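Enquirer: Dock chain B against chain A, hints included.
Protein chains in written order, with the numbering used here: chain A, 21 to 549; chain B, 38 to 93.
No wet-lab data here; the hints were simulated from the structure.
Warning: the hint list may mix true and false statements.
Distance ranges between label pairs, derived from CB positions [unchecked claim]:
#, chain 1, residue 1, chain 2, residue 2, range
1, B, 62, A, 513, 41 to 49 Å
2, A, 151, B, 67, 19 to 27 Å
3, A, 496, B, 67, 38 to 46 Å
4, A, 227, B, 67, 32 to 40 Å
5, A, 248, B, 66, 37 to 45 Å
6, B, 53, A, 451, 26 to 34 Å
7, B, 67, A, 497, 51 to 59 Å
8, A, 537, B, 53, 45 to 53 Å
Restricting the straight-line Cα-Cα distance to at most 16 Å, the calculated cross-link-like pairs of lysine to aspartate or glutamate (EDC-like) are [as the list claims (entries may be wrong)]:
#, chain 1, residue 1, chain 2, residue 2
9, B, 69, A, 461
10, B, 64, A, 335
11, A, 288, A, 461
Just so it is clear, the structure is predicted and the values come from calculations on it, not from any experiment.
In this text, a Cβ means the ideal position worked out from N, Cα and C, and glycines have one as well.
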Amino acid sequence: MRREPPKELGWGSRFGLVMAMAGNAVGLGNFLRFPGQAVPYGGAFMIPYFIALILIGIPLAWIEWSIGRRGGAFKHGTTPGMFYRLWKHPVSKYLGIFGILLPAMVGIYYIYIESWALGYAWQMATGMLRGKHAYEEMKLAFGSYVGTTNANLISFSSISYTFFLIAFAMNIFVLSRGISKGIEIVAKYCMPILIVLGIILTVRVLTLPPRGEDQTVSHGLAQIWRLTLNDLKTLTRPHVWISATGQIFFTLSVGLGMVHTYASYLKKKHDLTLNGLTACMTNEFVEVILGGSIVIPAAVVFFGVEKTREIVATDGTFAIGFYALPLIFEQIPYGEIFGVMWFILLFLAGLTSSMAMFTPLLVFLEDELQIDRRVGVLLVSFFAFVFMQPVILFNHHKVLDELDYWMGTFGLVLFVAIETVIFSWIFGVDKGWKELHQGAELRVPRIYYYIMKYVTPVFSVGLVLWYCYDGLLEKISMKYVAPEDVPYLWLARIMILSVTLFLIWGVWYAWQTHPKFFEDEENENINQV
Amino acid sequence: MMTWYSYIYMFIVWAIIIILNIYCFYKILTSKNLIIPGAEEEDEENINSHSFPHES
Numbered sequence: 021m022r023r024e025p026p027k028e029l030g031w032g033s034r035f036g037l038v039m040a041m042a043g044n045a046v047g048l049g050n051f052l053r054f055p056g057q058a059v060p061y062g063g064a065f066m067i068p069y070f071i072a073l074i075l076i077g078i079p080l081a082w083i084e085w086s087i088g089r090r091g092g093a094f095k096h097g098t099t100p101g102m103f104y105r106l107w108k109h110p111v112s113k114y115l116g117i118f119g120i121l122l123p124a125m126v127g128i129y130y131i132y133i134e135s136w137a138l139g140y141a142w143q144m145a146t147g148m149l150r151g152k153h154a155y156e157e158m159k160l161a162f163g164s165y166v167g168t169t170n171a172n173l174i175s176f177s178s179i180s181y182t183f184f185l186i187a188f189a190m191n192i193f194v195l196s197r198g199i200s201k202g203i204e205i206v207a208k209y210c211m212p213i214l215i216v217l218g219i220i221l222t223v224r225v226l227t228l229p230p231r232g233e234d235q236t237v238s239h240g241l242a243q244i245w246r247l248t249l250n251d252l253k254t255l256t257r258p259h260v261w262i263s264a265t266g267q268i269f270f271t272l273s274v275g276l277g278m279v280h281t282y283a284s285y286l287k288k289k290h291d292l293t294l295n296g297l298t299a300c301m302t303n304e305f306v307e308v309i310l311g312g313s314i315v316i317p318a319a320v321v322f323f324g325v326e327k328t329r330e331i332v333a334t335d336g337t338f339a340i341g342f343y344a345l346p347l348i349f350e351q352i353p354y355g356e357i358f359g360v361m362w363f364i365l366l367f368l369a370g371l372t373s374s375m376a377m378f379t380p381l382l383v384f385l386e387d388e389l390q391i392d393r394r395v396g397v398l399l400v401s402f403f404a405f406v407f408m409q410p411v412i413l414f415n416h417h418k419v420l421d422e423l424d425y426w427m428g429t430f431g432l433v434l435f436v437a438i439e440t441v442i443f444s445w446i447f448g449v450d451k452g453w454k455e456l457h458q459g460a461e462l463r464v465p466r467i468y469y470y471i472m473k474y475v476t477p478v479f480s481v482g483l484v485l486w487y488c489y490d491g492l493l494e495k496i497s498m499k500y501v502a503p504e505d506v507p508y509l510w511l512a513r514i515m516i517l518s519v520t521l522f523l524i525w526g527v528w529y530a531w532q533t534h535p536k537f538f539e540d541e542e543n544e545n546i547n548q549v
Numbered sequence: 038m039m040t041w042y043s044y045i046y047m048f049i050v051w052a053i054i055i056i057l058n059i060y061c062f063y064k065i066l067t068s069k070n071l072i073i074p075g076a077e078e079e080d081e082e083n084i085n086s087h088s089f090p091h092e093s
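Same shape as in the complex, but just chain A:
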């Protein structure tokens, strides 16, 4: 007798599914990372960016949706089982561990960063940031907010810790409610609110009056959209292509295993092509139109082109978001309202991504290790909370940066290469193409068959090789790390290693004990007879 997932474990509506997938993709990076990547290259950045979106990003999204739905059909909600169904090799299931490890480890620091936005929204609303008139003052205020300014052994601040607890509790509550009653409901309401807030802020920034000769909105937009011969010459540099492709990976949240888990709840009559494209396009709307029109134009109007470029080069666009924008909002009419809107927007962007990050781990515990859902939520919450403490308390020793490099950057690129090779070359694009088009409402142009077969995997593998060439050894050997930070970076690596070992054991154990694998063997034996 066929058994269906309980209602809260499957999607309740198609709109909710698309909003959750789009929310998964839309994150802090849309507003803070993207402009920082674009500014050094001017308008030329957008050319490789869109080429990467068309050739890598959208096909990768379709590949992940297809892997996820196919895995779900075999009762797998996470990538170890999904990869095993694509490639029946003893190694495949262990390669799938990345799809659980990466989102969980990224979630460990992402929720903390997201909580800063919530804390800053509160500080803007209560006027706690009032009276600061210089960029350096705001930078110091941020340091004292996260506890790094006067940190000795630990970096601790009661206010930032309080908001971390609130953000953590919200994430765990959503996780515990399941897909349709938790993630879907939050995405259905938060995504439209986020887009409305983004539009209001974009209009406000684009209508800011000029404050000097080179302090206009036009000068601000030019940092991302100008097209001069000099800018176009940057296209000959590999870095612009690597940055653009990397940005596409990060912005679409591919290579993290969350899309797979979400798609595993779909049936073969459900569309993948149109849903996948819609989620990608919603993300592009938020990133290119909204994200590209807030942070940089506002900073240029208030600081000028040179100072803005200097801030981006030294502190990154994150600094503009958290140090410069509160200053800017202080100086415009009703600025505190816009300031609150800005940080709520960032918080919602973070929340809609982070609430998915522990889902693969929870589903793995349920699906493969047969742990009761409530026990699973408790285990995930407990261990996530424990692992978050070093990130918060040793923030001044760059534990967060270490996790971000290995999990959110290098690991993500590596996982993308693994999944595209397995899907396109081992499982085969012919079968993959068929899987993608089951229930499809949008016929994908045939050229994508060849793109998925050759371009996407070659580009993905090429990117891994580039990362290996571009500073991997220095990262491994901690060449440029201050001696006092070394033990803390080792702590971050031990955290990664311990979760990896647990997952390796979990996969091994599941394949030894779970009845569904024995049923398969029996079915195969019957078929052979």
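Expert: Only chain B this time, still in chain A's reference frame:
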């Protein structure tokens, strides 16, 4: 400073993204291929009937 062709470049990109969004959401919101919680699959193949081991 933005030149006129930079503005055209920017607005063309914005227009493509907005049109694609409108097209995709129109197709989704007018589609009859809905997701209905608990709905049975039409065919009876073993695959594509997602269920989880903990379900009773």
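Enquirer: None of the hints should be skipped; say for each whether it holds.
Expert: Hints and how they fare:
Taking 41 to 49 Å as the suggested C-beta distance range, the pair residue 62(B) and residue 513(A) conforms, at roughly 44 Å. Look at residue 151(A) against residue 67(B): about 53 Å separates their beta carbons, and that is not inside 19 to 27 Å. The hinted window of 38 to 46 Å between residue 496(A) and residue 67(B) is violated, with their beta carbons roughly 53 Å apart. For residue 227(A) and residue 67(B), the Cβ-Cβ distance of about 35 Å falls inside the hinted range of 32 to 40 Å, so the restraint holds.
For residue 248(A) and residue 66(B), the hinted distance range of 37 to 45 Å is satisfied, since their beta carbons lie about 42 Å from each other. Taking the beta carbon of each, residue 53(B) and residue 451(A) are about 32 Å apart, inside 26 to 34 Å as hinted. For the hinted restraint 51 to 59 Å between residue 67(B) and residue 497(A), the CB-CB distance of approximately 57 Å keeps it satisfied. At roughly 47 Å, the beta-carbon separation of residue 537(A) and residue 53(B) lies within the given 45 to 53 Å, and the hint holds.
For the proposed pair residue 69(B) and residue 461(A), the alpha carbon gap of about 10 Å is at most 16 Å, so the pair holds. Pair hint residue 64(B) plus residue 335(A) does not hold up; C-alpha atoms about 43 Å apart against a cutoff of 16 Å. For a cut-off of 16 Å, the pair hint linking residue 288(A) to residue 461(A) stands: about 12 Å separates their Cα positions.
Taken one by one, the earlier hints fail for this structure at numbers 2, 3, 10, listed in ascending order.
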